[in-house]
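**Student:** We have chain A already, so just place chain B on it with the hints.
Number of protein chains: 2
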Amino acid sequence: MPQPPPARRRLKPGARRRQILDVATREIAASGFRGASLAEIAENVGVSQPGLLHHFPSKAALLLAVLEQKSAEDTAIVDEVFADAEGTVGQAITALVEVNQRDPERIRLYTVTAAESIDAGHPAHDFYLRRYQGTRARLAERLAKDRERGRLPETLDVAEVATEILALLDGLQFQWLLDPGVDMTGPVRAYFARLYGRT
Amino acid sequence: MPQPPPARRRLKPGARRRQILDVATREIAASGFRGASLAEIAENVGVSQPGLLHHFPSKAALLLAVLEQKSAEDTAIVDEVFADAEGTVGQAITALVEVNQRDPERIRLYTVTAAESIDAGHPAHDFYLRRYQGTRARLAERLAKDRERGRLPETLDVAEVATEILALLDGLQFQWLLDPGVDMTGPVRAYFARLYGRT
Numbered sequence: 001m002p003q004p005p006p007a008r009r010r011l012k013p014g015a016r017r018r019q020i021l022d023v024a025t026r027e028i029a030a031s032g033f034r035g036a037s038l039a040e041i042a043e044n045v046g047v048s049q050p051g052l053l054h055h056f057p058s059k060a061a062l063l064l065a066v067l068e069q070k071s072a073e074d075t076a077i078v079d080e081v082f083a084d085a086e087g088t089v090g091q092a093i094t095a096l097v098e099v100n101q102r103d104p105e106r107i108r109l110y111t112v113t114a115a116e117s118i119d120a121g122h123p124a125h126d127f128y129l130r131r132y133q134g135t136r137a138r139l140a141e142r143l144a145k146d147r148e149r150g151r152l153p154e155t156l157d158v159a160e161v162a163t164e165i166l167a168l169l170d171g172l173q174f175q176w177l178l179d180p181g182v183d184m185t186g187p188v189r190a191y192f193a194r195l196y197g198r199t
Numbered sequence: 001m002p003q004p005p006p007a008r009r010r011l012k013p014g015a016r017r018r019q020i021l022d023v024a025t026r027e028i029a030a031s032g033f034r035g036a037s038l039a040e041i042a043e044n045v046g047v048s049q050p051g052l053l054h055h056f057p058s059k060a061a062l063l064l065a066v067l068e069q070k071s072a073e074d075t076a077i078v079d080e081v082f083a084d085a086e087g088t089v090g091q092a093i094t095a096l097v098e099v100n101q102r103d104p105e106r107i108r109l110y111t112v113t114a115a116e117s118i119d120a121g122h123p124a125h126d127f128y129l130r131r132y133q134g135t136r137a138r139l140a141e142r143l144a145k146d147r148e149r150g151r152l153p154e155t156l157d158v159a160e161v162a163t164e165i166l167a168l169l170d171g172l173q174f175q176w177l178l179d180p181g182v183d184m185t186g187p188v189r190a191y192f193a194r195l196y197g198r199t
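These protein sequence lines are chains A and B, in that order. Counting with full-length UniProt numbering, you get residues 1 to 199 for the letters of the first sequence. Counting with full-length UniProt numbering, you get residues 1 to 199 for the letters of the second sequence.
Same shape as in the complex, but just chain A:
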C-alpha cells in the first residue's frame, strides 16, 4: 500500500526529531550552516517552519544538535579503531581513514562547518575550538604511550605531532571531497611509515 506523503504522516516526537536531524545533516553538509535554509529543511521533512522550530528553537540550535549527534557517532568510531591496546596510533589512524573514506557525507559536514566556524560569531565556533583542543590533547597522550613503549623516538614532541596529524587528516579530507580522484590512504601510510621509522 502506498505510504501517505511525508507532510501528512504523523510521527512521535522522538522520531520526528531524528528525521529533522537527518535532513538537516544532509542540507548542512551540502551547503554549510550559512547556505542551509530552515524553510527547505522543513519542506524536505514535511513539516511547517513553526513545526520545526518546536523541536529546535533556532537554526543555530539545529546545527549544534547535528554536530553533537555526529560527534557522538565519531567518538564511537574513534574508540573502535583505538580499541586494540597493542596497536600504534599510526595503525589506528590509518584504519580511521579507511572508515572515513566510505562515508563522505559525515566528513563533508565537518569540513564545511569547521571552516565556516573560524568566524568567532559562527554558532559552532566554540564547539570546534573545544573539539580541536580536546582531540589534540587525547592524541598527544596516545602518542606519548607509543613513545614510552619505544615505538616512537624518545625526543618526539607529541603535542606538535598531534597538531600535525590532525592537520594532515583534515587537509586530505578536503582534497578528497573536492576531487574524489585523490587517495587519502597512500599519503597517510607513507606519513606514518616515516614517523615510526620504517621508511
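If you are wondering where the hints come from, they were derived from the structure by calculation, not from laboratory data. Do not rely on the hints blindly, as some may be mistaken.
[To be verified] Here chain A is said to cover these stretches of chain B; the calculated rule only asks that three of the stretch's residues, wherever they fall, bring their Cβ under 8 Å from a Cβ of chain A:
no.: 1; region: 110-122
no.: 2; region: 128-134
no.: 3; region: 181-187
[What the hints assert, rightly or not] Here are the simulated distance ranges between beta carbons:
no.: 4; chain 1: A; residue 1: Asp79; chain 2: B; residue 2: Leu53; range: 51 to 57 Å
no.: 5; chain 1: B; residue 1: Arg151; chain 2: A; residue 2: Ala39; range: 55 to 61 Å
no.: 6; chain 1: B; residue 1: Glu80; chain 2: A; residue 2: Asp126; range: 15 to 21 Å
no.: 7; chain 1: A; residue 1: Ala83; chain 2: B; residue 2: Ala193; range: 31 to 37 Å
no.: 8; chain 1: B; residue 1: Ala76; chain 2: A; residue 2: Ala83; range: 45 to 51 Å
[Stated by the list, open to error] With a cut-off of at most 20 Å between alpha-carbon atoms, the simulated SDA-like pairs for lysine to any residue come out as follows:
no.: 9; chain 1: A; residue 1: Lys59; chain 2: B; residue 2: Ser31
no.: 10; chain 1: B; residue 1: Lys70; chain 2: B; residue 2: Pro104
no.: 11; chain 1: B; residue 1: Lys59; chain 2: A; residue 2: Lys59
no.: 12; chain 1: B; residue 1: Lys145; chain 2: B; residue 2: Gly134
no.: 13; chain 1: A; residue 1: Lys12; chain 2: A; residue 2: Leu96
no.: 14; chain 1: B; residue 1: Lys59; chain 2: A; residue 2: Arg102
no.: 15; chain 1: A; residue 1: Lys145; chain 2: A; residue 2: Asp84
no.: 16; chain 1: A; residue 1: Lys70; chain 2: A; residue 2: Pro123
no.: 17; chain 1: A; residue 1: Lys145; chain 2: A; residue 2: Lys70
no.: 18; chain 1: B; residue 1: Lys145; chain 2: B; residue 2: Thr135
no.: 19; chain 1: A; residue 1: Lys145; chain 2: A; residue 2: Leu96
no.: 20; chain 1: A; residue 1: Lys59; chain 2: B; residue 2: Ser37
no.: 21; chain 1: A; residue 1: Lys59; chain 2: A; residue 2: Ala42
no.: 22; chain 1: A; residue 1: Lys59; chain 2: A; residue 2: Ala39
no.: 23; chain 1: A; residue 1: Lys59; chain 2: A; residue 2: Gly35
no.: 24; chain 1: A; residue 1: Lys59; chain 2: B; residue 2: Gly35
no.: 25; chain 1: A; residue 1: Lys59; chain 2: B; residue 2: Arg34
no.: 26; chain 1: B; residue 1: Lys59; chain 2: A; residue 2: Ser37
no.: 27; chain 1: B; residue 1: Lys12; chain 2: B; residue 2: Gly51
no.: 28; chain 1: A; residue 1: Lys59; chain 2: A; residue 2: Glu27
no.: 29; chain 1: B; residue 1: Lys59; chain 2: A; residue 2: Arg34
no.: 30; chain 1: B; residue 1: Lys59; chain 2: B; residue 2: Asp119
no.: 31; chain 1: B; residue 1: Lys59; chain 2: B; residue 2: Pro13
no.: 32; chain 1: B; residue 1: Lys70; chain 2: B; residue 2: Gly14
Built from N, CA and C at the ideal position, the CB exists for glycine as well.
**Tutor:** Frame of chain A; chain B shown alone:
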C-alpha cells in the same frame, strides 16, 4: 579638511573596481561566499547595488575576481620562496608558512571559500579543482628535483608527498585560524626534518 563620505566620493573606474575587490575580499574572508552580502559590500564601498553590479555582473563574478586577484599575489609569494635554486622544497615551504603566518586574512579567504567549494554547484568549485591539481603537479615536480639531487630518498613517491604537504599546510592553517594559539612553524619544521631524513 574632512573627506566627503564614501558614497559621494567620485573614483575612476579602475580605482573603484580595486576598492570593491578590497571590500569584497574582507567580507568573503569573514563570512564566506554564502555568508557575504552584495548589499553590505556595496554599502561599505559607498555605491548602490546596481553601481556595484556595473563593475561585477554577479556575486559569483565578484568572488572569482577576488580569488583570481589573490591567486596572482600568491603566485608572486610562492615564486619568491622558491627563487633560491639551491634550496629544497622543505626550506621554501617553511619560509612560505612564515610569510602566511603574518597574513591571516589572505589565508582565511582561501580556507573559508575552498571548504564551501566542495559543493559542485559552488561558483569556485572549478577554480579550486584546477588550482589544487596544478599545485600538486608543480609541487611534485619540485620534489622530484630534490630527489634527483639526492636530497630525498630515491623511492619517494613525489605525487603522494605533494598531496600530503598541501594537506598538512591547509590543515595547519585551519587550526591556526580557529585558534591563534596553535603554532604552524613547529609542526612544519618537524615534518620536513623527517621527510629529508634529519630526525
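**Student:** Determine for every hint whether it applies to the structure shown.
**Tutor:** A quick look at each hint next to the structure:
no. : hint                            : verdict
1   : 110-122                         : holds (count 8)
2   : 128-134                         : holds (count 4)
3   : 181-187                         : holds (count 4)
4   : Asp79/A to Leu53/B: 51 to 57 Å  : holds (53 Å)
5   : Arg151/B to Ala39/A: 55 to 61 Å : holds (57 Å)
6   : Glu80/B to Asp126/A: 15 to 21 Å : violated (38 Å)
7   : Ala83/A to Ala193/B: 31 to 37 Å : holds (32 Å)
8   : Ala76/B to Ala83/A: 45 to 51 Å  : holds (50 Å)
9   : Lys59/A to Ser31/B              : holds (16 Å)
10  : Lys70/B to Pro104/B             : holds (13 Å)
11  : Lys59/B to Lys59/A              : violated (24 Å)
12  : Lys145/B to Gly134/B            : holds (17 Å)
13  : Lys12/A to Leu96/A              : violated (35 Å)
14  : Lys59/B to Arg102/A             : violated (35 Å)
15  : Lys145/A to Asp84/A             : holds (13 Å)
16  : Lys70/A to Pro123/A             : holds (16 Å)
17  : Lys145/A to Lys70/A             : violated (28 Å)
18  : Lys145/B to Thr135/B            : holds (16 Å)
19  : Lys145/A to Leu96/A             : holds (19 Å)
20  : Lys59/A to Ser37/B              : holds (19 Å)
21  : Lys59/A to Ala42/A              : holds (11 Å)
22  : Lys59/A to Ala39/A              : holds (10 Å)
23  : Lys59/A to Gly35/A              : holds (11 Å)
24  : Lys59/A to Gly35/B              : holds (14 Å)
25  : Lys59/A to Arg34/B              : holds (16 Å)
26  : Lys59/B to Ser37/A              : holds (19 Å)
27  : Lys12/B to Gly51/B              : holds (13 Å)
28  : Lys59/A to Glu27/A              : holds (12 Å)
29  : Lys59/B to Arg34/A              : holds (16 Å)
30  : Lys59/B to Asp119/B             : holds (17 Å)
31  : Lys59/B to Pro13/B              : holds (18 Å)
32  : Lys70/B to Gly14/B              : holds (17 Å)
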